[in-house]
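Spelled out, the chains give:
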Amino acid sequence: MGQTIAEKIIARAAGVEAVRPGEYVTVSPDYTVIQELYFVRNLKTMARLGIDRLAHPDKVVAVVDHTSQAAVGSGYQELHTYARQFAERTGFKNFFGPGSGLRHLVMVEKGFARPGTLIFSDEGNIASIGAVNALNIPISWEVLVTMIGDENWVRVPASVRIEVLGDRLPPGVWVRDLVQAINRDFGTGDDLVQKCVEFTGPGLAALSLDSRQGLLAGMYHAGADTAIMEADELALSYVAERAAGRPYQPVAADPDATYDLHVSYDLTTLTPFVTAPPTHDNVVPVAEVAGTRVDQATIGSCASNRFDDLQAAAEVLRGRQVSPHVTMYISPGSAEVYARAAREGLLEIFAEAGAAVQSPGCNTCWGYLGQLTDGQTSISTHQEHYPGRNGSRQAQIYLANPYVVAASAVTGKITDPRELW
Amino acid sequence: MPASTDTSDSLQAYTGVFRGRAWTFGDWISGDDGIVKFSELRDFAADQDPARLAEMCFADLHPGFHRQVAKGDIVVGGRRFGVPSHPPVPLAIKACGIAAVVVESTDTGFVRKSLNVGLPVLGCPGITGVVETGHDIEVDLRAGTVTNHTTGQTIRTQGFSERMLAVLAAGGLVPYLERQVGLRPKETT
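Protein chains in written order, with my numbering: chain S, 1 to 421; chain B, 1001 to 1189.
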């Protein structure tokens, strides 16, 4: 009986021939990736356990991304210092401090996430690394276990297959609209819950590596545990540049692998969507909410903070001004994205439009920066929009693609970007 | 660290069976804005006060829940219960004295976050159709069964692994690891 990509990677990491959905197995991960909040808490727990160093420091990657700027009055400056002192004291090399960006991007850019690798993480939206055929298993603060040892348990997820068709996205449409279509269809049901979403189909060739990562990052918020796809030439050539001699083995699904569900989406039939409050499946065509006044417009989050996302926003903002009553924030996903945005003139476009560019990090997505107050409305490329996510529970949060967010920033109300072209 | 199963006396004695009064909740109850309020817990650098978390628990859905619930009661939740969640969510449920949670569905993250603070969350499709608030129910984590003693019905699901049971037997992940690294177990963590 054939195996899916996820089953093959888990079987390899467990040292067995094959695994089946629902089976509990013990695996040795290739890496564990952690953000600063869990990292420092876990270091302190280790200290209480009498352990003063990581068992396999080469297999742990820690990134300061949630609190890229430690604000006055917060406890985060102390947290950053604690993490730095630990890295200096123990010689821990894979520590990426403020300004590095999100661990989702760092893992791929620095060549940690490679085809066939199994990577434990604190949070599930790091499924984005599946775009280079690496399997993410989210385990929250339990990353502590692999900081101390070299193994942990996994319940093998069943896989579902989403086939992407079509050779291009229509104007004003972004990969984000595919994420929202999937949320619309599966955002309240159980079809994706505790599953691995395996993407396939000819439409993937029409998506950049940036867009593929954004697509996979969105699956956690649609209910899945993780997501992955095969590595094509584009992914393999990218990985070859980053792997720095470290090994990897691409993994493909067997032709007779078993999937709980098989659905397809055609890129050419998508239109710009908006996810309205308060649930993930409340996805409507932009026309249905067009005209809603917005106070804040934000580009960022692990689903939409890569170079291509910033470029999409810049296409709309070039030569235009953000509406006087709107605050616009833009958070590049990594130092590499930030530097490229500078080289290619995007930062100039943002600055001239009146948008505020923040340091690479999660920033506004979890309400750390740019807090909303009572009665305010925002439109963003964030991943979550439940009440209170970005500040006040009495604020309204709409989610959309970077074209829609930028167009709305310019007009001051939710706007179909195709009206500006 | 070896991948061995804890063979201490406590695991031998650990039954993984909980019997208590059920409190039922519906579908799509968010962990971050339903069980707790993420908007009031954003300071992750700070430790959370269990008494405050208990007061917050289900406060909008069921005002006064933390005062009405008795130690050992069991929460029965619907589809996608507790999704999404940050680590304070299972701590809030536990702080109310809830011994176990049985749900139609949830994500693996919530199962693991809960397990690691010593709160079992068992996925059991069909459970909301056979249990009402106030029923006397019994959850057997090892066997993967939930028995409703009020109605006499039993419903089956996949049980917990021995490793998961060992974490629960220790009282959570940190005390479990204390044993794994060979330290003397402590009363508090």
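No wet-lab data here; the hints were simulated from the structure. Where hints are given, some of them may not hold.
What the hints assert, rightly or not - Going by beta-carbon spacing under 7 Å, a handful of chain S positions derived as facing chain B:
1) Tyr248
2) Glu336
3) Ala339
What the hints assert, rightly or not - According to the in silico footprint, chain S covers these stretches of chain B (three or more CB under 8 Å from chain S):
4) 1044-1050
5) 1157-1165
Backbone N, C-alpha and C fix where the C-beta goes; we use that ideal spot for every residue, glycine too.
Taking the earlier hints as the rules, which of them does this structure contradict? 1, 2, 3
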